[in-house]
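A.B. asks: Generate coordinates for the entire structure from the input sequences, incorporating the hints supplied.
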Amino acid sequence: MHELSIMQSVMETVLAEADANGARQILAIGMKIGALTNVVPEAIEFAFDVLTKGTKAEGAHLKVEYLLTKSSCEECHFEFEVDNYSYLCPKCSSGRTKVIQGTELQLSFLEIE
Amino acid sequence: MQNAVRTTIEINSNVLGKNDQIANKIRGRFKSGGTLVLNVLSSPGSGKTALLEKTLHHFSKTLRVGVVVGDLATDNDAQRLKEWSPRVVPITTGKTCHLDASMVERALADIGDEPLDLLFIENVGNLICPSSFDLGEDSRVVLLSVTEGEDKPLKYPVIFRFADLVLVTKVDLAEAVEFRREAALKNIKQVAPGAAILELSAKREFGLKEWFAYIENRIAQKRKLAHG
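Keeping their order, the protein sequence lines are chains L and B.
With this note's numbering, letter number 67 in the first sequence gets 67, and the count goes up by one each step, no holes.
With this note's numbering, letter number 66 in the second sequence gets 66, and the count goes up by one each step, no holes.
The hints are simulated quantities; they were obtained by calculation from the structure and are not laboratory data.
Keep in mind that the hints are not guaranteed to be accurate.
[Said to hold, decoys possible] Some chain L residues well away from chain B (every beta-carbon gap over 10 Å; in silico):
(1) E42
(2) A43
(3) F46
(4) K53
(5) A60
(6) E65
(7) L67
(8) C76
(9) F80
(10) K91
[Unchecked claim] Below, a list of computed lysine to aspartate or glutamate pairs in the EDC-like style, where the Cα atoms sit at most 16 Å apart:
(11) L:K91 <-> L:E79
(12) B:K18 <-> L:E104
(13) L:K63 <-> B:E10
(14) B:K189 <-> L:D83
(15) B:K18 <-> L:E12
(16) B:K209 <-> B:E53
(17) B:K155 <-> L:D83
(18) B:K18 <-> B:E150
(19) L:K98 <-> L:E74
(20) L:K98 <-> B:D164
[What the hints assert, rightly or not] Some, not all, of what chain L presents toward chain B, calculated at C-beta under 7 Å:
(21) L4
(22) I6
(23) Y85
(24) C92
(25) G95
(26) L105
(27) Q106
(28) L107
(29) S108
(30) F109
(31) L110
(32) E111
The C-beta atom is built at its ideal place from N, Cα and C for all residues, glycine as well.
C.D. replies: Take a look at the structure:
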């Protein structure tokens, strides 16, 4: 959801950083997107294509690391990938679990020349 | 011709960083005064406004309660709530399907400087988008009405996961819609094992005592942190 406004925000930072570093061209943009952010890959790629046109980032490669949802059990300390949104610990069945991965929505890096 | 050097610049910035910055400003504003801030979320029509009407009425003589109410169009909900509290500010978002921290910050400018005991943020009725936006709240309260069905939490797991309290509402209609209560509770506990659960009907005034007690306990906790 909101992939266009997410990408607009990303492009603001990207273009500012590229200019600050005297870049001639942006070759790649790296992001980390967690499964709990509701971001749809096709939509983020579409937004990227649309918003990079006519900018230093046109033709750049969008490299997204999609992160799975992971939780940690506060009772037995087991860390697990969350399967089908069930947050009960698969080892000890405790409900005292904490999300440790999956909410990331990050601009990680830029490749320029 | 100069040889172009391919360089990698590490950034590692949160895309929603601006929102989170404003949310933390809001959080800071209400920390020292011990104001409890609750973000109230649900589908459209789950009973947020009806519940807030009863709540504002109950606390009208004992607590200073403020409300920020979001909707795409109309300020109908704000008008209903103004009957019970002078500190109600509508946010008409136009086309935006959720509240974000900047909208809440702007609305708070109109709520006045009087210290509050409790601030409700009645979010836009939507079980998807609001979950991504920190509004500076202490807790998220997610409503699920019996008319929505017992598998709703499984269908919208992300918003339920981040609920601190799930309110099962309109329980007076449960029999009429053949609501499967045990299944609903099981589903909530699966996607939100850490959430407290209360069942109530605002209209028939069932279960409100426990909801009011929850609020009073949370305010007491917040005050202790502020002054302790």
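A.B. asks: If you test the structure against every hint from before, which numbers come out violated?
C.D. replies: 18, 21 and 24
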